[in-house]
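Residue numbers (the numbering used here), protein chains in the order written: chain A, 6 to 312; chain B, 4 to 393; chain C, 7 to 341.
FYI, nobody ran anything at the bench for these hints, they're computed from the structure. Treat the hints loosely; a few may be bogus.
[What the hints assert, rightly or not] Under the rule of at most 25 Å between Cα atoms (straight-line distance), these lysine-lysine pairs were calculated in the DSS-like manner: (1) Lys-253(C) to Lys-135(B); (2) Lys-63(B) to Lys-346(B); (3) Lys-377(B) to Lys-284(B); (4) Lys-119(B) to Lys-131(C); (5) Lys-113(B) to Lys-253(C); (6) Lys-244(B) to Lys-292(B); (7) Lys-244(B) to Lys-364(B); (8) Lys-244(B) to Lys-361(B); (9) Lys-31(B) to Lys-334(B).
[What the hints assert, rightly or not] Which chain B residues face chain A? A few, computed with CB under 7 Å, are given here: (10) Pro-41; (11) Ala-43; (12) Gln-47; (13) Asn-173; (14) Ser-206; (15) Val-214; (16) Asn-231; (17) Pro-259; (18) Phe-347.
[Stated by the list, open to error] If you anchor each label on the Cβ, the simulated ranges turn out as follows: (19) Tyr-294(B) to Ala-166(C): 39 to 45 Å; (20) Ala-174(C) to Leu-293(A): 38 to 44 Å; (21) Lys-216(B) to Lys-131(C): 51 to 57 Å; (22) Gln-333(C) to Asp-97(A): 22 to 28 Å; (23) Ile-334(C) to Glu-293(B): 22 to 28 Å.
No residue lacks a Cβ here, since even glycine has one placed at the ideal position from N, Cα and C.
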Amino acid sequence: MSTAIFLVQVLNGLQLGVLLFLIAAGLTLVFGVMDFINLAHGVQYMLGAYLAVAFYGITGNFLAALVLALLAALAFGLVLEFVVFRHLYDRDHLDHVIATFGIILFLNHGVKVVWGAAPLSLPMPDMFSGSVALMEGLRYPVWRLVVIASGLMIAILLYGLVTHTRIGMLVRAGAANARMVSALGVDIRRLFMIVFGFGAMLAGFGGIMIAPILSVEPGMGDTVLILAFVVIVIGGVGSIRGAFVAALIIGLVDTLGRSFAVDILRLIMGPSPARTVGPAIASMLIYLLMALVLYVRPAGLFPAKGR
Amino acid sequence: MKTLGRTIAATAAFAIAMSAAQAQEKLKIGVVATLSGPPAVIGQQLRNGFNLAVKSLGGKLGGREADVIVADDELKPDVAVTKVKALIDRDRADFVIGPVFSNVLQAILKPVTDEKVFLISPNAGTSNFAGKECNPNFFVTSYQNDQNHEVLGKYAQDSGIKKAFIMAPNYQAGKDALAGFKRYFKGEILDEIYVPLGQLDYSAELSKIAVAKPDAIFVFIPGGMGVNFVKQFRQAGLADKIVFLSAFTVDESTLPAQQDAALGFFGGANWAPDLDNPQNKAFVAAYEKEYGAVPATYAFQAYDAALLIDSAVRQVKGNLTDKDVLRAAFKKADFQSLRGGFKFANNHYPIQDFYLVKVAKRPDGKYQTEIVKKVFENYTDPHAKDCPMK
Amino acid sequence: MAEAALATTFAGRSRKLLDRTLLPVLIFAAFAVIPLVAAATSEQYVLSLVTRVMIFAIAALALDLIVGYGGLVSFGHAAFIGLGAYAVGIPASHGVNDALISLPIAIAASMLFAVATGTVCVRTKGVYFIMITLAFGQMAFFTASSLAPYGGDDGLTVAARTTVAGFAFFDNERIFYYVVFAFLVGAFLFARTIVGSRFGRVVRGAKENQTRMEAIGFDVHRFQLAAYVISGGIAGVAGFLLANATKFVSPAYMSWQRSGELIVMVILGGLGTLYGAIIGTAAYLFLEEWLSGFTENWKVIFGPLLVLVVVFARGGLIGVASRIRSQIRRRLGGG
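Start from the sequences, fold in the hints, and give me the full structure.
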């Protein structure tokens, strides 16, 4: 286990964490403020990536594709809110689960109909397509650093928005007690719409940023969705701060676990069993972590007050 | 007396008409493939290849009009079993073609063959059905899973590569892949890694590869996983220093996404779009015209499956009732395969040539694999000797 | 005025009684008759399809027990199905393939897993319960995927269905169908008894107001755990039957997508009625089978259909049916 590999894995863990944060932020807000379980958040992430590929095909410019895709993702999120979710706010969580599950089916197959089943690719901007030498013989792709940086910037921006603006205050209040906020005369419907649209945009942004590294294919949002839910449960529903901390923890645990589980196990058991058991244990690590956190703190690490 | 005579004559005429009608009756072919989820592109290639063959034969196989019924197994073995039973029982399929994936094959082989219906696999070719569990009603037009990996193992050994780093997903096909490579490569294996199925981010593994400094890597990372790995490998700057050997990782189903990142990477296969014979050239041109994409092995193997059925049904003159006669016709494999020559081994898996292929960009901008050299000639898979069939 | 009120109450109660017995009887009668109808058409396929429906109905029933009555939404119930299936697969790979051995193992393994995971789960509620059950389901899935000697991710084929005390009863499709049918009826009656018992009333009371139940003096967590364990055991039986039906065992039986589908089946039919779960399962699987015959992109239609059901059909299919019925009654009876 050399320092070089360890450093790279820490960076990779941060990158995964930042990506998870982008998705979990919208998810935790929607859940916290609107008490709405949105399983369709994963397909919003996927849609962002597909829209970026489509706009890149038209414009040939990454930045243009990014902006257009973000706007389209926002529009799509708002449409979804207006057509489907609006009718379900006062319903049971289970109804949310089924409705958003239906949307997942629809979009996962819809993108297949529109764009085909083959994996697609989004080229990254030339400026960032190189790699930096971190250590002798070890190069790290610049784009991954860009992803980390943009994620951190968004986190700061969100923090600023939530703590220092009126809208942010309303969101925090809504997460604590939505009915009271409505009773105080705030147009809760508009607040919901803003929260939802913004969350959709964040998820889409995550999809766009990760598309140059990962392949764009139907169903790419499903694994990420589960991870995002683990993040908001550990972080505490409705809390941006919780989502940020939990996302980074999960990103690091998952990445470091996957890289070193086999090596650590090799010390205990032979190389061959370690090779088969290692990946299994590594996949389970974040769930074990979640079970542990829930055992000790059943409401998550930073629950929004009033829950 | 007269009425009896007339009845007998009528019955006889009826019987003759019925058997003639059977010969005239549509031939029903069930195609079971994975058509949903990320691997759908492979299932689509399989289905397209088969349909193209039927179309090129004028909608007929062996002189009988063919009715192709497609079923999606959703990569769920238990769903596949129900679908296959629907094809045989409800749709009265005469043959079943498929599947794409090994685990689905494990689930459907017995349900199909127990009903005396022939199962022809244009892709999955597991070792157990090539060896001890070989089945008289099961035929394969693709290959046995180990073979493609052995191609790279032999090439690595022969081309002087001393240190290799090998990687595959953590399931049976992955383990078979690395075992196949090691059967021929006798150099030093720096590390052997199994990644969880579906893993998309290879940053961890890539750092290990960079630090280990092998001469070459051998990977079996199919589908979307392969798209990601290839792109990330190139982004990490490793492509200039390490020879990239692979199986099923850079093929025409993933190249549209991998594009330039995969240029110059090696694969091993029993075919490539540029294989030089007239029927293959016609096939590739027709496929591209019809479907707008370069065909991969999945398509050509399904095409060959259709040709196989055509030849056999023609031999038995459309009469499928005697399964032993039909089986003999299948074993003869008297058709013009797209890969050139075609013969079955005793276990009903093909004896064929294998090539080292390399990714290239065509003048028209599309990507394909191209043959570099032949590595195995008339190669029977290693499990055939365990099969009790003759 | 009072007489009218009394009359409607009596009518209402007898109507409910009619619902509670008539509807299940109709459903079971339909299932019982199907093989006779199937013999006329494509028997193997129909039997295989409806057997699969009944097996998943057993699992959905088990889920309804804790979701519909207990208010505990388990997103990892597919794990129990998988455990039951592996209880057939693993002994079979060692040469032991008898129902008298595999079935008890299936039930025991599922219940043990339910006890172990349930003690952690019932301490949480709401979305946290959902997530923790999901986590445990995933752990079961990854463990099964890493069991290389038992097929790992590819799964395990079972050469033949389990024998019963040495006799190969299950090999006959029709007999197997009625065996599964018997299990379904049995599971339904068992669950019904539990729901109506004192134990069941505590669990249902906890769903409505946990604090109140605790105030009365019940150790709610203990009751919820027991309900969870029973539910797990029943789902394990479904897994045992599934392994027999397909002669195939795989980690895919335990994926979170399968758990999600199970939840959809229960809600589609209507929560909290038990027979609703059966109807929901039948509706889901038949619709899936029917639509996939049209186009390979049937999920593009199925998805929005689910959304519409949720938005407009509150209470699932049962809810819709009862609303239609009361509409008709209102039109005919004049109020």
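Verification of the hints:
1. Between Lys-253(C) and Lys-135(B) the alpha-carbon distance is near 19 Å, which keeps this suggested pair within the 25 Å criterion.
2. With a C-alpha separation of about 23 Å, the suggested pairing of Lys-63(B) with Lys-346(B) holds against the 25 Å cut-off.
3. Among the hinted pairs, Lys-377(B) with Lys-284(B) is consistent with the structure: their alpha-carbon atoms are about 19 Å apart, no more than 25 Å.
4. With a CA separation close to 53 Å, the supplied pair Lys-119(B) and Lys-131(C) exceeds the 25 Å bound.
5. Taken as a hint, the Lys-113(B) and Lys-253(C) pair is honoured in the structure, with Cα atoms around 9 Å apart against an allowance of 25 Å.
6. Pair hint Lys-244(B) plus Lys-292(B) does not hold up; C-alpha atoms about 38 Å apart against a cutoff of 25 Å.
7. Distance hint between Lys-244(B) and Lys-364(B) is fulfilled; the C-alpha atoms sit about 21 Å from each other, no more than 25 Å.
8. For the suggested pair Lys-244(B) and Lys-361(B), the alpha carbons sit about 17 Å apart, so the restraint of at most 25 Å is met.
9. With a C-alpha separation of about 21 Å, the suggested pairing of Lys-31(B) with Lys-334(B) holds against the 25 Å cut-off.
10. Interface restraint check: Pro-41(B) against chain A, minimum CB-CB distance 5 Å, threshold 7 Å, status holds.
11. The restraint placing Ala-43(B) at the interface with chain A holds, with a minimum CB-CB distance near 4 Å, inside the 7 Å limit.
12. Checking Gln-47(B) against chain A by beta carbon gives a least distance of about 6 Å; that is within 7 Å, so the hint holds.
13. Because the beta carbon of Asn-173(B) sits about 5 Å from the nearest beta carbon in chain A, less than 7 Å, this interface hint is met.
14. Given hint, Ser-206(B) at the interface with chain A, holds; its Cβ is 4 Å from that chain's nearest Cβ, closer than 7 Å.
15. Given the 7 Å rule on beta carbons, the hint for Val-214(B) holds: about 6 Å separates it from the nearest Cβ of chain A.
16. About 5 Å separates the beta-carbon of Asn-231(B) from the nearest beta-carbon of chain A, less than 7 Å, and the hint is met.
17. Taking 7 Å as the C-beta contact cut-off toward chain A, the hint placing Pro-259(B) at the interface holds, the least distance being around 5 Å.
18. Taken as an interface hint, Phe-347(B) does not check out: its beta carbon lies about 32 Å from the nearest beta carbon of chain A, beyond 7 Å.
19. For the hinted restraint 39 to 45 Å between Tyr-294(B) and Ala-166(C), the CB-CB distance of approximately 42 Å keeps it satisfied.
20. Checked against the hint of 38 to 44 Å, the C-beta distance between Ala-174(C) and Leu-293(A) comes to roughly 43 Å, which is consistent with it.
21. In this structure the supplied range 51 to 57 Å holds for Lys-216(B) paired with Lys-131(C), their Cβ-Cβ distance being about 53 Å.
22. Checking the proposed 22 to 28 Å range against Gln-333(C) and Asp-97(A) shows it holds: the Cβ atoms sit about 23 Å from each other.
23. Here the CB-CB span from Ile-334(C) to Glu-293(B) is close to 54 Å, at odds with the stated 22 to 28 Å.
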